[in-house]
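**Student:** Same order as they appear, the protein sequences are chains A and B. Residue numbers for the first sequence follow full-length UniProt numbering, beginning at 1 and rising by one. Residue numbers for the second sequence follow full-length UniProt numbering, beginning at 1 and rising by one.
Please note that a few of the clues may not be correct.
Heads up, simulated DMTMM-like pairs for lysine to aspartate or glutamate below, C-alpha to C-alpha not over 25 Å straight-line [stated by the list, open to error]:
hint, chain 1, residue 1, chain 2, residue 2
1, B, LYS128, A, GLU82
2, B, LYS215, A, GLU82
3, B, LYS215, A, ASP21
4, B, LYS215, A, GLU157
5, A, LYS607, A, GLU185
6, B, LYS128, A, GLU38
7, A, LYS340, A, GLU593
8, B, LYS128, B, GLU35
9, B, LYS215, A, ASP344
10, B, LYS215, B, GLU275
11, B, LYS215, A, GLU22
12, B, LYS215, A, ASP177
13, B, LYS170, B, GLU35
14, B, LYS128, A, ASP344
No wet-lab data here; the hints were simulated from the structure.
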Amino acid sequence: MPSWSSHLLTEYFAAVNAAADEDSAIRSAVERATEMVEAEVGAVVREGRIFGAYGFGPVVPEAALHEVAAGQPLLTVPYVGELHAVSNPLGSETGDALIVARLAEPFDPAERQMLQGMGQVLGLALRSIRVLAAERHLRAEQEQQATSAQTRQRLVESLLTIQRAISARRPLPEILDAVTGGAAELLGGATVTLMLAEGGPDRRLTVALKHGEDESPPESLARAAMAGGAVLVRPDGAGWMIAAPVRVTGEMAGSLVAHLPGVAGRQTEQRDQLAAYAQQVSLALTDARTVEAVREAHHDPITGLPNRALFLKILNRVLASRVTDADPTSVLFIDLDRFKAVNDSLGHDAGDQLLALVARRLRGCVRASDTTARLGGDEFAALLHDSPAEAAEAVGERVVAAIKEPFRVAGREIFIGASVGVAISRESGQESKELLANADLAMYRAKKDGPGRVLVYQPYMHAEALDRLSLRGDLQRALRDGEFRLQYQPLIRLADGRAAGVEALIRWNSPTRGFVSPVDFIPIAEEFGLIVDIGQWVLETSALQVAKWRRDFPDLGLNVNVSGHQLVHPRFADNVMRALAIAGLPSSAVTLELTESVLMSEPDLGKSALNVLRGLGVQLSIDDFGTGYSSLAYLRELPVDELKIDRAFIARAELTAEDLALVRTIVELAQILGLRVVAEGIENAAQLSALRGLGCGYGQGYHLCRPTDPEFMPDRLADAQVESPVGVLDHRSTA
Amino acid sequence: MQTNPHRWFGVGQSSAADSRKAGAEAAAEAIGGREAKAVFVFASVSHDLAELLRGVRMEAGADAEIVGATTMGEMGSAGVTSGGISVAALGGDGFTVQTRAARIDRAHPREAGAAVAEALHDMDDEHKVLIMFADGLTGQPHEIVRGAYSSIGASVPLVGGFAADDRNFKATYQFYGDEAHTGAVVGLALGSDGPIGIGVAHGWRRIEPPMIVTKATGPHIYELDGEPALDVLLRRNNFDGSAEEFFDRGRSLQPLGLSRRSGEDIRVIHSGDDEARTVWGTADVPQGALVWLMEGDRQSLLDGAAWSCTEAVARLEGLPPLGVLAFDCGGRRAGLIEGGLEQEIQAMRTALSDAPFAGFYTFGEIARVRGALGTHHLTLVTLALA
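Looking at chain A on its own, in the form it has when it is part of the complex:
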């Protein structure tokens, strides 16, 4: 029976509150609590004495009860046995507690939570009875008594309303609204805010509900109440802030915070009242949680789709129930492109909305009998019954097309994409996990070929994946054993043929693989997170090297390529500055090269790091300019100093009018923005003279100078110093 315990608290509350004096409140509380959890015995420890002992018969084991109040979990009752005991504080400051003990079995978390609530409710009732008695004793005004009694009655009524809503399983927002509204009303015009922690590692607190006009309370107070597990009262300007922790199945889940205007003196009562409401929130959330838990165990809460576990279960069943191998079962592994950018720039809520919309479109791409699932993050899957490869590929194409259409999220049009891998099971006895893993591999391969593709799994992909894994191991070893080295390629000022700087280029000659191109190993290094260490090594090594050369060539600059993965590393700016400081290289001599696609896919990431570095004098270059999405907005937003025209624009041996027009446009754009322009991939004299004619300031390429080992570099640089304006450093390329 789910959450039976949550049904009982207000019944108990009503009984305890009906008591006219402390003794009967205690007796009533002990007996109800004992009966409700089917315990044999109960008692209250208050101010060092035992009250309301129930179920012990003639001899009450007082010493043992004090031990339970101090935390002892077992209570020995003569002629009955050893009972599981639980002690529930009556308030936050004192050692007073409501104790119950049961023979049958230990108390479960839901029972403990309810009993904690019962202890608090009793403490509240006792304090208000004592206040009332004191008032009587002092012959205080009749009026005040009436108010206090009235408030208690209103509290009971208000809690009954909420309890009714909880037991009828009214929608959770409605219940929580009744709680904050009820508390705000009872506390006489207070602003009551419910702050709940979100899932995820950082457990952010968000305002779930607010009743009243005042601003949302500071998160720090809510967090303090959660951390201490107790109600907090703090003066706040002219009034008071009270924060009561909210628990879900015993774990801290948030805080109920009240902001009360003016008037000191009733904080203890108000604190207890807020605590009673917070208890109701805990109960409502716990109850909702038990209902949800069953569903959540198998469904993704954001999209409502089956989760990975359920998907695999269904897939297993389908695979096991196939009669013949003739009806193939297909699995689509769907990975969203650019989802992370949406999540990072528009926030988690927008990201979640987008996922829900994607889920809906996915469902529209398959038959009703097929299964779609969210595997986690931005990964989805579909299980297609009786689907041969061609049909599954067609569904994959449909998915890609559907996801490519713009989504409307948070009032904006969002463009994302999807890459799809397909795996088909023909063998009987194939494992569901294996099939899904194959589809994953196909998706990976599809994504590598560029976004928005559909690929069917082939065995070679498996070999490729294994190779990637071994490549990762080799890369780790390469870094450790110093297998990497650097070559340098000068950037030539086209006006006078002199070297303005050098670009550091990484090379890997693996003892087992031979020479491996950066094009092949850099993506792997990025994928497995090795790029940050490799990038740092490049920066440190090249900075030391260039600092050395600058003794002879004082104006020589250094260009270093930076991966997007380095850029988003939280210590990126520090790492760069440390490397330069160690080398003794001024920051103004360094230009970091970023590819256009990195800047486009992660528009906001690393922006702050780049601004910090720019502020310290480091320059920024856009590599492969013109190959990306040609959004020029970032040229205005980012602190860019240099554009490198991609070699694709000047690849032809003889440049056409169109090529020249494009290059001219870029050069003119750079001039308008006050940026340096570097033409990459100059391979012959005709290209060189054409670019010089267009006003392009700098050039790089085999015709000018090949990438060179560092030991030969000083000679090359010296040559350039005395060369004619033609500025050819590497005569081999012109041979």
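For chain A, the structure is supplied; the task is to place chain B on it using the hints.
**Tutor:** Same frame as chain A, now just chain B:
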């Protein structure tokens, strides 16, 4: 007939119209010429109770403790009677018996419970149980049982039943010695050197959705879910008519189940007021409680009976039952009328392997074995002796 001289148990029933004769007949059958230590008498209020007890005493002898209650029907191994008498008797050196009686002060009902618990005083038998018979119309049956429990504690189990008066709801009687009292509690502490087993089961199930008792005092329910309670009950039963009609037709008893850890704590609602739109039963329904309407078909009620007996016997440490006292709810009887009663008796006979049993249909049952709660409704409580 039992022949074990160390501990014996016997039952008898009578439908004789003459009260003294009925008492004597039933007692004679139960006692079978042995020396009785305790005689349990369950009889209809329609009898001349003084005459009936006189008849019992003639057979029981001067030293036997006589206890019992008026009923809403009597049961025994031979079957169910209405307006009759059912008697159980026990004796032998293995049993010890002490009794107490107390008048119920309506302002302090638990004191009477605590007073009869004194019957256990100085009793040091290996196995003990307090058997209670109390007036079922004082309005606070729970308090009486709590009074007994608070006095004796968890080390001794409690069983018994609340006296009824057929279906009059006017005055019930409790038997103590040669007298029939009203507004009283009678307690018989039974000690034994053989094991004692207690079974509790009902066989009702919830009808969703639950309701909150938004306004109630004692056994009176004014509002359910903020609506007049009678309106809610009539609507949930699809009944169009007055309270009197509603409670008079077969469905007469409305069981309400209070949410509890291992099931429901059942209350029986047996009357309503057309003017005030309220309903009430014999036991208090706490304001704020979550309650379900309960339903029970014949089979589940019969299963409940069998389960109660099986549970009681199972606690006899492997020994066969010497005999059983049964406290069955009048509400169950209403649910089993028209042939079901005979089936219930048959189910009990089977579950008890034909061990003799006697008991009555009550206004509420008493049983506390585990936990602290000792009051029940629509339940069959069985006390098996080995």
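**Student:** So, for every hint listed, does it hold in this structure?
**Tutor:** Tested hints:
{"no.": "1", "hint": "B:LYS128 <-> A:GLU82", "result": "holds, 20 Å"}
{"no.": "2", "hint": "B:LYS215 <-> A:GLU82", "result": "violated, 40 Å"}
{"no.": "3", "hint": "B:LYS215 <-> A:ASP21", "result": "holds, 22 Å"}
{"no.": "4", "hint": "B:LYS215 <-> A:GLU157", "result": "holds, 10 Å"}
{"no.": "5", "hint": "A:LYS607 <-> A:GLU185", "result": "violated, 47 Å"}
{"no.": "6", "hint": "B:LYS128 <-> A:GLU38", "result": "holds, 21 Å"}
{"no.": "7", "hint": "A:LYS340 <-> A:GLU593", "result": "holds, 23 Å"}
{"no.": "8", "hint": "B:LYS128 <-> B:GLU35", "result": "holds, 21 Å"}
{"no.": "9", "hint": "B:LYS215 <-> A:ASP344", "result": "violated, 53 Å"}
{"no.": "10", "hint": "B:LYS215 <-> B:GLU275", "result": "holds, 17 Å"}
{"no.": "11", "hint": "B:LYS215 <-> A:GLU22", "result": "holds, 24 Å"}
{"no.": "12", "hint": "B:LYS215 <-> A:ASP177", "result": "holds, 23 Å"}
{"no.": "13", "hint": "B:LYS170 <-> B:GLU35", "result": "violated, 36 Å"}
{"no.": "14", "hint": "B:LYS128 <-> A:ASP344", "result": "violated, 72 Å"}
The structure is inconsistent with the numbered hints 2, 5, 9, 13, 14, although it conforms to all the rest.
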